[in-house]
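Asks: Model the full assembly from the supplied sequences, consistent with the hints where possible.
Here the sequence shown is numbered in our numbering, starting from 1 and rising by one per residue.
Check each hint, because a few of them may be wrong.
[Said to hold, decoys possible] The calculated label-pair distances, taken between Cβ atoms and stated as ranges, are:
(1) Arg11 <-> Pro147: 22 to 30 Å
(2) Val95 <-> Ile246: 41 to 49 Å
(3) Met238 <-> Val198: 30 to 38 Å
(4) Tyr108 <-> Glu142: 26 to 34 Å
(5) His149 <-> Asn125: 24 to 32 Å
(6) Leu64 <-> Lys119: 19 to 27 Å
(7) Lys144 <-> Ile183: 32 to 40 Å
(8) Met238 <-> Val95: 49 to 57 Å
(9) Lys44 <-> Leu235: 29 to 37 Å
(10) Ser260 <-> Ile183: 39 to 47 Å
(11) Asn115 <-> Ile183: 45 to 53 Å
(12) Met94 <-> Lys44: 21 to 29 Å
(13) Asn102 <-> Leu136: 29 to 37 Å
(14) Val243 <-> Ile93: 45 to 53 Å
Calculated directly from the structure, the hints in this document are not laboratory data. Where a beta carbon is used, it is the ideal one built from N, C-alpha and C, also for glycine.
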Amino acid sequence: MILYAMIVRSRDGLILSASTESESVREVKESRTALKLLGKKVAKYPDRCTLRLNPHVIHFITSLGVTFMALCESNYPIVLAFSYLNELMKEFIMVYNTSQINNAVRPYTFIEFDNFVYKMRQRYNSPRTLTTKLNLPDLSTEIKLRPPHLLSAYDIQLHNGRSNGETVVNFSSRITPISWFGIISMTLSSFLVLFNVVRGLVALSESKFEDRDGSNPLHDYPKRRILKTCMSFSLICMCNMLVWTIRDTWQILVHVAVASALTFNIVTRKFEAKAPNYNV
Numbered sequence: 001m002i003l004y005a006m007i008v009r010s011r012d013g014l015i016l017s018a019s020t021e022s023e024s025v026r027e028v029k030e031s032r033t034a035l036k037l038l039g040k041k042v043a044k045y046p047d048r049c050t051l052r053l054n055p056h057v058i059h060f061i062t063s064l065g066v067t068f069m070a071l072c073e074s075n076y077p078i079v080l081a082f083s084y085l086n087e088l089m090k091e092f093i094m095v096y097n098t099s100q101i102n103n104a105v106r107p108y109t110f111i112e113f114d115n116f117v118y119k120m121r122q123r124y125n126s127p128r129t130l131t132t133k134l135n136l137p138d139l140s141t142e143i144k145l146r147p148p149h150l151l152s153a154y155d156i157q158l159h160n161g162r163s164n165g166e167t168v169v170n171f172s173s174r175i176t177p178i179s180w181f182g183i184i185s186m187t188l189s190s191f192l193v194l195f196n197v198v199r200g201l202v203a204l205s206e207s208k209f210e211d212r213d214g215s216n217p218l219h220d221y222p223k224r225r226i227l228k229t230c231m232s233f234s235l236i237c238m239c240n241m242l243v244w245t246i247r248d249t250w251q252i253l254v255h256v257a258v259a260s261a262l263t264f265n266i267v268t269r270k271f272e273a274k275a276p277n278y279n280v
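Replies: Shown next, in the form of structure tokens:
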């Protein structure tokens with residue numbers, strides 16, 4: 001059966017109308033969230049696509065800058081799903097013109113259209129009485145000749161609840177909860193990290209330092225000091241860019257600010273002034 005339907009503006013994913021959200025099952029809610037997130041990316045894909053999410057499937061078509069999307073059960077006939085979307089498309093284009101669609105600013109601008117969406121959904125959810133009233137062979141032949149483009153979770157950057165630059169969810173490949181063995185492994189790993197830190201501190205406190213003639217090596221003037229400092233600063237900035245999506249902006253700014261301060265101090269550090277008659 002058809003669980004949910006949504007109409008969005010293709011260029012920016014603005015929701016123009018949708019059916020009533022009556023299902024409260026967790027899997028349906030998650031798939032519906034994925035449908036809404038996919039609606040923001042439809043401009044990148046062909047005019048007829050399918051995305052399979054266990055245990056549901058998403059079908060959508062695009063025409064005249066508007067995308068019509070349907071969330072269905074995985075066993076719902078694909079011909080009926082696309083026939084339903086075609087019905088929505090024909091009616092929507094007849095009721096609203098291009099100017100109205102382009103001038104829409106707020107979500108659900110055409111919320112009154114949800115009555116038609118709901119009625120058609122109820123009609124298509126009774127396929128036994130529906131197939132006798134529809135002429136599906138032509139659409140079935142068209143789908144066989146030009147099947148919908150199959151999308152994957154990676155095509156739309158859905159992976160384990162996060163994506164590059166955007167927060168998205170992939171319900172078909174969600175990682176299972178951590179097992180007791182994993183919890184024990186993490187606990188032992190944390191214990192070993194703490195143990196090695198303590199060992200390192202004890203070793204430093206008990207170390208014997210040999211006397212060394214001359215100045216402290218930290219006070220010497222290393223060769224290519226500015227070059228090495230700039231390279232280190234660049235490396236720190238690059239590393240922070242790599243973790244941009246998983247760190248807070250303030251964390252990035254603090255790391256870069258501290259690195260900048262250290263770089264400034266190293267570059268501007270001058271030679272120590274020699275006392276009078278130093279070489280005498």
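Asks: Indicate, hint by hint, whether the structure satisfies it.
Replies: Now for the hints, and whether the structure bears them out:
| no. | hint | verdict |
| --- | --- | --- |
| 1 | Arg11 <-> Pro147: 22 to 30 Å | 25 Å, holds |
| 2 | Val95 <-> Ile246: 41 to 49 Å | 45 Å, holds |
| 3 | Met238 <-> Val198: 30 to 38 Å | 33 Å, holds |
| 4 | Tyr108 <-> Glu142: 26 to 34 Å | 31 Å, holds |
| 5 | His149 <-> Asn125: 24 to 32 Å | 25 Å, holds |
| 6 | Leu64 <-> Lys119: 19 to 27 Å | 22 Å, holds |
| 7 | Lys144 <-> Ile183: 32 to 40 Å | 51 Å, violated |
| 8 | Met238 <-> Val95: 49 to 57 Å | 53 Å, holds |
| 9 | Lys44 <-> Leu235: 29 to 37 Å | 34 Å, holds |
| 10 | Ser260 <-> Ile183: 39 to 47 Å | 40 Å, holds |
| 11 | Asn115 <-> Ile183: 45 to 53 Å | 51 Å, holds |
| 12 | Met94 <-> Lys44: 21 to 29 Å | 28 Å, holds |
| 13 | Asn102 <-> Leu136: 29 to 37 Å | 33 Å, holds |
| 14 | Val243 <-> Ile93: 45 to 53 Å | 46 Å, holds |
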